[in-house]
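One letter stands for each residue in the lines below.
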Amino acid sequence: MLLRASSELEGRAVELAAVGGGIASDAGVEHGARLVAFTEAVMGLDDAALRRERAALRRVLSPERFVEVAAVIGAFNTVDRVADATGIPLDETLAAMSGDVRRELGLARFASSANTPGA
Amino acid sequence: MNDGIDYSAAGVLVRGDIRAAHHALWEHLRAPGPCWTGAQRIAIARASRRAAGCALCATRRVSLAAGVAGEHDGDGALPADVVDVIHRVRADPGRLSRAWFDAVIGGGLAVTAYVELVGIVAMVAGVDCFARALGMPPFPLPEPLPGPPTGQRPAAAKPGGAWVPMIAPEDAVGAEADLYGDGAFVPNIVRALSLVPDHVRVLRRLSAAHYLPVEQIADPAARRTLDRTQTELVAARVSALNQCFY
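The listed protein sequences derive, respectively, from chains V and X. Just so you know, we're using the working numbering here: the first sequence kicks off at 37 and counts up by one. Just so you know, we're using the working numbering here: the second sequence kicks off at 2 and counts up by one.
Don't read these hints as lab results, they were simulated from the structure. Some hints here could point you the wrong way.
[To be verified] Cβ-Cβ distance ranges computed for the label pairs, FRET-style: (1) Gly-68/X / Asp-82/V: 26 to 34 Å; (2) Thr-226/X / Ser-61/V: 48 to 56 Å; (3) Ala-53/V / Gly-182/X: 32 to 40 Å; (4) Ala-69/V / Leu-14/X: 20 to 28 Å.
[What the hints assert, rightly or not] Derived SDA-like pairs (lysine to any residue); straight-line CA-CA distance at most 20 Å: (5) Lys-159/X / Thr-152/V; (6) Lys-159/X / Leu-213/X; (7) Lys-159/X / Ala-73/V; (8) Lys-159/X / Pro-145/X; (9) Lys-159/X / Asp-127/V; (10) Lys-159/X / Val-187/X.
Ideal placement from N, C-alpha and C gives every residue a C-beta, glycine not left out.
When you get a sec, could you build the whole thing from the sequences and use the hints?
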């Protein structure tokens, strides 16, 4: 969850609400709306929607970047399951870099926040 | 390597390090682990894929209570209670709880067997999502290697911090000296599976190829071809959909 830290480094004003989905704009991230829509389609069950979003994303990203998006979706589908099934707390280093974002997005509503004291 | 992994349907070139990580995972999956045989590990992977079409899992996902009773879609290769754990980790990870974990372990599943199972389910889920994103069918699972479980459990793994015992960075010595690499920061996500050290090695390689090497994760300037904000937006949206706080 280094969205804010990376956006500050890149000099971008990112709308964090994009993490919650359903955005019409790019939210300050290049092709942000397409990236979010594609991610949601991969995680969903509608194959036709996935084909549409894949085609739309491929029109704006190079093949190399498109593969990278797919890889990140895969990575976090692994990481999330490992984290939630082993009950690890959030590391202090990562919490310090993302605490404001987590509060702003209300991530403490997720059941797995119980694994991090003070979340 | 002829293990059934084929990227031709993607219509794009998949980087060599990603391909190598997938082949390494498939080779890892088919070998006996600490508690499960190669055949059982492949059965766990196969069962995890059935969760997507499982009627009970679908009912639970839309139910306010995660404890809806019933039978999972399965092929009979694994006990029903093991299949229940597999399907919950694959299909509804956001609602796992300490009480649920304690009940699973109290029900007789050894914690090392649990960690071994979780690693298999999680890593296969990630590779399956990658394939789906690129428009490819899931890769065929590999043929299992023969042999009994190894029975190995690292003595350095200790309780504390998480539901499962883990190896602290300062205790990663001897056979586990390579476990966490040379970085000063070892996030808990890397330690989480350390009760099964080979899972950690494979997960690090997979994560480095799919995302970033562990040593670079906390550096917001680290990136590949995507802007880091693009990477982090996708990552955050995935975790939100999975209802994962970490």
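Status of each hint after checking the structure:
1. Gly-68/X / Asp-82/V: 26 to 34 Å: Taking Cβ atoms as reference, Gly-68/X and Asp-82/V lie about 28 Å apart, which means the hint holds.
2. Thr-226/X / Ser-61/V: 48 to 56 Å: 23 Å, violated
3. Ala-53/V / Gly-182/X: 32 to 40 Å: 36 Å, holds
4. Ala-69/V / Leu-14/X: 20 to 28 Å: About 26 Å separates the Cβ atoms of Ala-69/V and Leu-14/X, which means 20 to 28 Å holds.
5. Lys-159/X / Thr-152/V: Holds, at roughly 18 Å.
6. Lys-159/X / Leu-213/X: Outside the cut-off at roughly 27 Å; violated.
7. Lys-159/X / Ala-73/V: Violated, at roughly 42 Å.
8. Lys-159/X / Pro-145/X: 31 Å, violated
9. Lys-159/X / Asp-127/V: 18 Å, holds
10. Lys-159/X / Val-187/X: 16 Å, holds
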